[in-house]
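> This is what each chain is made of:
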Amino acid sequence: MSFRPIFDAHRWDEVKASIYAKTAADVERALAAPRRTLDDFKALISPAAAPYLEPMARLSRQLTERRFGRTMQLYVPLYLSNECQNICTYCGFSMDNKLRRRTLSQVEMLQEAAVLKQWGYEHVLLVTGEANQTVDVDYLEKALYTLRPHFAQLSMEVQPLDQPDYERLMRAGLHSVLVYQETYHQQDYKKHHPKGRKSNFHYRLDTPDRLGRAGIHKMGLGVLIGLEDWRTDSFFTALHLDYLQRTYWQTRYSLSFPRLRPAEGLLQPKVEMTDRELVQLICAYRLLHEEVELSLSTRETATFRNHALRLGITSLSAGSKTNPGGYAVAPESLEQFEISDERSPAEIAALLRQQGYEPVWKDWDAALST
Amino acid sequence: MTTQPLRIADRTFHSRLFTGTGKFSSVQLMEDALVASGSELVTMALKRVDVRNSQDDLLRHLRHPGLHLLPNTSGVRTAREAVFAAQLAREALETNWLKLEIHPDPRYLLPDPVETLRAAEELVKLGFVVLPYIHADPVLCKRLEEVGVAAVMPLGAPIGSNQGLLTREFLEIIIGQSRVPVVVDAGIGAPSHAAAALELGADAVLVNTAIAVAGQPVQMAQAFRLAVEAGRLAYEAHLAVPTLHAEASSPLTAFLD
Numbered sequence: 001m002s003f004r005p006i007f008d009a010h011r012w013d014e015v016k017a018s019i020y021a022k023t024a025a026d027v028e029r030a031l032a033a034p035r036r037t038l039d040d041f042k043a044l045i046s047p048a049a050a051p052y053l054e055p056m057a058r059l060s061r062q063l064t065e066r067r068f069g070r071t072m073q074l075y076v077p078l079y080l081s082n083e084c085q086n087i088c089t090y091c092g093f094s095m096d097n098k099l100r101r102r103t104l105s106q107v108e109m110l111q112e113a114a115v116l117k118q119w120g121y122e123h124v125l126l127v128t129g130e131a132n133q134t135v136d137v138d139y140l141e142k143a144l145y146t147l148r149p150h151f152a153q154l155s156m157e158v159q160p161l162d163q164p165d166y167e168r169l170m171r172a173g174l175h176s177v178l179v180y181q182e183t184y185h186q187q188d189y190k191k192h193h194p195k196g197r198k199s200n201f202h203y204r205l206d207t208p209d210r211l212g213r214a215g216i217h218k219m220g221l222g223v224l225i226g227l228e229d230w231r232t233d234s235f236f237t238a239l240h241l242d243y244l245q246r247t248y249w250q251t252r253y254s255l256s257f258p259r260l261r262p263a264e265g266l267l268q269p270k271v272e273m274t275d276r277e278l279v280q281l282i283c284a285y286r287l288l289h290e291e292v293e294l295s296l297s298t299r300e301t302a303t304f305r306n307h308a309l310r311l312g313i314t315s316l317s318a319g320s321k322t323n324p325g326g327y328a329v330a331p332e333s334l335e336q337f338e339i340s341d342e343r344s345p346a347e348i349a350a351l352l353r354q355q356g357y358e359p360v361w362k363d364w365d366a367a368l369s370t
Numbered sequence: 001m002t003t004q005p006l007r008i009a010d011r012t013f014h015s016r017l018f019t020g021t022g023k024f025s026s027v028q029l030m031e032d033a034l035v036a037s038g039s040e041l042v043t044m045a046l047k048r049v050d051v052r053n054s055q056d057d058l059l060r061h062l063r064h065p066g067l068h069l070l071p072n073t074s075g076v077r078t079a080r081e082a083v084f085a086a087q088l089a090r091e092a093l094e095t096n097w098l099k100l101e102i103h104p105d106p107r108y109l110l111p112d113p114v115e116t117l118r119a120a121e122e123l124v125k126l127g128f129v130v131l132p133y134i135h136a137d138p139v140l141c142k143r144l145e146e147v148g149v150a151a152v153m154p155l156g157a158p159i160g161s162n163q164g165l166l167t168r169e170f171l172e173i174i175i176g177q178s179r180v181p182v183v184v185d186a187g188i189g190a191p192s193h194a195a196a197a198l199e200l201g202a203d204a205v206l207v208n209t210a211i212a213v214a215g216q217p218v219q220m221a222q223a224f225r226l227a228v229e230a231g232r233l234a235y236e237a238h239l240a241v242p243t244l245h246a247e248a249s250s251p252l253t254a255f256l257d
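Line order of the protein sequences matches chains W and C.
For what it's worth, the UniProt record's numbering labels the leading residue of the first sequence as 1, then goes sequentially.
For what it's worth, the UniProt record's numbering labels the leading residue of the second sequence as 1, then goes sequentially.
Only chain W is shown next, with the shape it has when bound in the complex (with noise of 0.2 Å):
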């Protein structure tokens, strides 16, 4: 079982002409449903439901509320090395950028660590590029049992890997794992990751559920706005949740929406969204979803932030470095996109007590996954 054949019934062309067909109509139904389905989803991401922004983000605020109450969590990256083999035509750590490559040892993790712990994080994201020779499960291992007796909470978006090593990564304290398809547009995904590991889009696209056979309890999902459609997209992801959650059941879910940002070497994105259109994406899914967890970086503007962290979203980063490094230890090194909000978690919590939000920088315990 996979959700391969469920994929391929569904033609891009066929899926974005159906979103762009839909109505004010359809819009002002699934407004309405009870519960949502992702016919419905289609209609909220439409353009047809632009005009209904304002009822769309009123629900959804008041829908998050109910199930997160007035609670934002925060994590942080630790970027862990920039090293990569993989060819990306958006990504500062692209293979073909000659910069100066670097991997952080378990000393220096640590070093990085105790900047973190001092701002107060518990949970965190490990961050690598994809380089099997020197970042592969044997150095994640290594990290995970160097960095789990300081945090909570032990979060990875690496390359996707095997079943057997996500087992046992997660005996190492691995919590969750973001992957982003990047895109489900088949051919344009080859157009953008012309060469590596990472041009198999298959084996991209199976990993949620060879993570989902391995039990992680969380897993990420979304794509690279800017690359494709984005309407269309978010349809395939929002299908890719919904048979995820009809089968690993047992896992949460979470999605964040990167709109891709200024890096080394970036091409000019295909397709650009608008704040606006933003914001209608975390409403629908929202809508669709009232229980998945939903992210916001700072790859975001600091004015966005501070108005669309009440739209819907239920977990920031803040103070993120995107380079190996960048906290302690080598605050020079190659970074994978400029950050837009530059803000401190202290800054960022701050915020959040204004606006009537309680931080949470603690909502797991390493004890609970024995």
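Don't take every hint at face value.
Ranges of calculated distance between the beta carbons of each label pair, as one might list FRET restraints [to be verified]:
#1 W:GLU167 <-> C:LYS142: 37 to 45 Å
#2 W:ILE6 <-> C:ARG63: 12 to 20 Å
#3 W:GLU347 <-> C:LEU239: 53 to 61 Å
#4 C:GLN163 <-> W:ARG171: 37 to 45 Å
#5 C:PRO65 <-> W:GLU347: 34 to 42 Å
#6 W:LYS98 <-> C:VAL114: 55 to 63 Å
#7 C:ARG52 <-> W:THR301: 31 to 39 Å
#8 C:ASP105 <-> W:PRO51: 15 to 23 Å
#9 W:ALA346 <-> C:LEU239: 49 to 57 Å
#10 C:PRO65 <-> W:PRO51: 53 to 61 Å
#11 C:THR95 <-> W:PRO164: 38 to 46 Å
#12 C:LEU233 <-> W:LEU110: 53 to 61 Å
#13 C:GLN163 <-> W:ARG343: 34 to 42 Å
Straight-line C-alpha distance at most 25 Å; calculated BS3-like pairs for lysine-lysine [stated by the list, open to error]:
#14 W:LYS16 <-> W:LYS117
#15 W:LYS142 <-> W:LYS190
#16 W:LYS117 <-> C:LYS47
#17 W:LYS270 <-> W:LYS16
#18 W:LYS117 <-> W:LYS142
#19 W:LYS218 <-> C:LYS47
Rather than coming from a laboratory, the hints here were simulated on the basis of the structure.
All C-beta atoms, glycine included, are put in the ideal place defined by N, C-alpha and C.
Fit chain C to the supplied structure of chain W, relying on the hints for placement.
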């Protein structure tokens, strides 16, 4: 006029309103709402606190004389994980009271009856005072009672849904045959729901979301306190039985007397 106190295991409670600590916009607001609720038993997720830190912000705001902590195992998916979490909570928080929550379904947070029964049996043997969060399943309640839990906590509706007593008929059966206190947990969204649960004969209710996400949480906590008191008073006063037929004030068969 005061109502009968509630006895669970070795403790006596004068308030039949138990409360939760999640979803508040600040820990200060949580503390103010808890005080206003008059609650003497408050549950908190083990995963939210740093049990190694005596200055943990949440714990600091829960230290009140007469307020007992009820750590819960929210987040665990199996009996094995629950037992481990319970032992950690007992050691760190110095209480053997435990709200046993095993909900492997993160979407609706519905409890797993099989794992819950398994965990309850083991935890009772380990000396815990176990209050399990469960479906409104009368047979499961009896099975849990047999393994020695201190109370049962059936849900009124899916947790956080504010839908009230959707399981009313099953709650009535559970209350009717239970030998341990019955605490209606989850789904109570309004003071009227809480009053209805107490009128049914539930021994207590546990409320979190309806207070935490209210426009005025402190005021809502007070409203729940009053509703629970009213519901219990009504139960002890014996409610009039509703009927579909008109009852003549002069009975038709009086001439036979």
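> Confirm or reject the claim that GLU167 (chain W) and LYS142 (chain C) have a C-beta distance inside 37 to 45 Å.
Hint holds: Cβ distance 38 Å, inside 37 to 45 Å.
> For the pair supplied as a hint, LYS117 (chain W) and LYS47 (chain C), is the alpha-carbon distance within the 25 Å limit?
holds (17 Å)
> Taking the beta carbons of LYS98 (chain W) and VAL114 (chain C), is their distance inside 55 to 63 Å?
Since LYS98 (chain W) and VAL114 (chain C) have Cβ atoms about 58 Å apart, the given range 55 to 63 Å holds.
> For the range 37 to 45 Å, tell me whether the beta carbons of GLN163 (chain C) and ARG171 (chain W) fit it or not.
holds (40 Å)
> Can you let me know if the beta-carbon spacing of ASP105 (chain C) and PRO51 (chain W) is within 15 to 23 Å?
Given about 37 Å between the Cβ atoms, the range is violated.
> Between LYS16 (chain W) and LYS117 (chain W), does the CA-CA distance stay at or below 25 Å?
violated (45 Å)
> Taking the beta carbons of GLU347 (chain W) and LEU239 (chain C), is their distance inside 53 to 61 Å?
holds (56 Å)
> Taking the Cβ atom of GLN163 (chain C) and the Cβ atom of ARG343 (chain W), is their distance within the range 34 to 42 Å?
holds (39 Å)
> Does the Cβ distance between PRO65 (chain C) and PRO51 (chain W) fall inside 53 to 61 Å?
holds (56 Å)
> Hey, LYS270 (chain W) versus LYS16 (chain W), does the alpha-carbon distance stay inside 25 Å?
Holds, at roughly 16 Å.
> Quick one, are LYS218 (chain W) and LYS47 (chain C) close enough, alpha carbons at most 25 Å?
holds (15 Å)
> Verify the proposed pairing of LYS117 (chain W) with LYS142 (chain W), using a straight-line Cα cut of 25 Å.
With Cα atoms ~19 Å apart, LYS117 (chain W) and LYS142 (chain W) stay inside 25 Å; holds.
Comparing the model with each earlier hint shows violations of hints 2, 8, 14, 15; every other hint is respected.
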